[in-house]
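J.: Could you slot chain B onto chain A? The hints should help.
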Amino acid sequence: MEVIAGVLLVTDGVTDAYEKTEKMHQMLRQILDNRRTFGLGPSTDVLPDFLDRASKFGSGDDITVAGLVIHAVAVPVVVEEEVEKVVEKVVVEVAEKVVAVEEEKIEEEKTTELVSSPSRSMNVPYIPHRKRIHESTLTTLPNSPKIPS
Amino acid sequence: MFSLYDPCTLVQAFALSRQGSSHQRATPAKPCQDACGVFSGAYRGEGAMAVVAADGHGNAAHDRSDIGAQLAVQTAGELFLDFALRAVDAPPAGLAPMFRDHFPRQVVKRWREKVEGHAREAAARTAGDLAGVASTPPEAGDSLWRRYGTTLLFVGFYRQYVFVVQLGDGAVVVQHADGRLDSPMPVDPTQFGAARSRSRHRTRVNTSVRRSFPWRSSPECCWSPTA
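From first to last, the protein sequence lines are chains A and B. Letter 30 of the first sequence, counting from 1, is numbered 29 in numbering that gives the first Met the number 0, and no numbers are missing. Letter 214 of the second sequence, counting from 1, is numbered 213 in numbering that gives the first Met the number 0, and no numbers are missing.
The following block holds chain A by itself, in its conformation from the complex (with noise of 0.2 Å):
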């Protein structure tokens, strides 16, 4: 019997708007690895836009997506390269505002502990690097499947 990784249930909207059998899979591969990336919230806030614009372009018929994502089998994530330079290059600049962010504040609370009380220093703000990245990356590239880790 077969191992398998994964299901995904598609109706006609999903069909009737893919030409091809391999562009359909290749949509519906994006969507399982932007889930086995991401995991329930952020893939579930994109999915919904996702479908929109295949309908929109595509059959303008109702669209159902659902499936189920086994995750104690591992597969390999495709990231297609022109794909991976566009991730890579937004991170590289996320990554380089928050520095310049953080850096900044640092600085404010350096100039602030001069004048009030040195206790200030200790109330450096958390900035959560990794979360930031990947909203941010969601947001504008909703269907790059893969964020370096």
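Worth flagging that the hints you see were computed from the coordinates, not collected in a lab. A couple of the hints might just be wrong.
To be verified - Covered stretches of chain A, going by a simulated chain B footprint (3 or more residues, C-beta under 8 Å):
hint, segment
1, 8-15
2, 31-39
3, 47-57
Unchecked claim - DSBU-like, lysine-lysine: derived pairs with alpha carbons at most 35 Å apart:
hint, chain 1, residue 1, chain 2, residue 2
4, B, Lys108, B, Lys29
5, B, Lys29, A, Lys19
6, A, Lys96, A, Lys109
7, A, Lys55, B, Lys113
8, A, Lys22, B, Lys29
9, B, Lys29, A, Lys55
To be verified - So the derived list for chain B, only partly shown, Cβ under 7 Å to chain A, looks like this:
hint, residue
10, Ser2
11, Tyr4
12, Gln11
13, Leu94
14, Gln174
This structure is a prediction, so every number in the text was calculated from the model and none was measured. Quick reminder that beta carbons are idealized off the backbone N, C-alpha and C, glycines included.
T.: Coordinates of chain B only, in the frame set by chain A:
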């Protein structure tokens, strides 16, 4: 949108239906005739999860297909959890035949009952006599089921097996362990409720199922956080 993650089985389930752009533009706007749902349960530590999607036929002859699709989703989800409960002591080799022999037939039977119940209630509501729902005679079978006609796509996960059922069009796409995707279900235009496409002329409700079969999932699916 339905999303669920079971940390015991490491299975994530999700389902989302969106109204089509042509349905939004129609005057008056057509409802979304697709329906979907996620169902889960646990029996003696074995998680069961089901994901169902249905596509109501959507033309004038199937004027209640949006409701038919919702009833199909609800029926299949509930029955799979019933199946899991009954199969909790079944030997692994007996799961597949048990599912194949009973589940699809039960889904069709229960769906018809729900459709008749809905039709009775709708007739009573129209007549302004909700108290007389039980005594309202149902419409004739074939023509009634045709009004609620829908497809059905189902996948269930239980005891490391994946069960798939498809009635009508749409597609079931399987991802293999190497990442490859394919659509293993054979082409068959039969529908749930009433037929369209190649078998449009038929009036008999077709209860056949394209195929239902189990795949073994990874043995690691038995992993649990307490192990």
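J.: Each hint: holds or not?
T.: Hints and how they fare:
1. 8-15: Result for this restraint: holds, n = 7.
2. 31-39: Result for this restraint: holds, n = 4.
3. 47-57: holds (count 5)
4. Lys108/B / Lys29/B: holds (28 Å)
5. Lys29/B / Lys19/A: holds (28 Å)
6. Lys96/A / Lys109/A: OK: Lys96/A and Lys109/A at ~20 Å, within 35 Å.
7. Lys55/A / Lys113/B: Cα-Cα ~33 Å, so holds.
8. Lys22/A / Lys29/B: Between Lys22/A and Lys29/B the Cα gap is close to 28 Å, so the pair holds against 35 Å.
9. Lys29/B / Lys55/A: The given pair, whose Cα atoms are some 15 Å apart, holds under the 35 Å limit.
10. Ser2: holds (5 Å)
11. Tyr4: holds (6 Å)
12. Gln11: holds (4 Å)
13. Leu94: Violated. Min distance 11 Å.
14. Gln174: holds (4 Å)
Consistency with the previously given hints fails for number 13 only.
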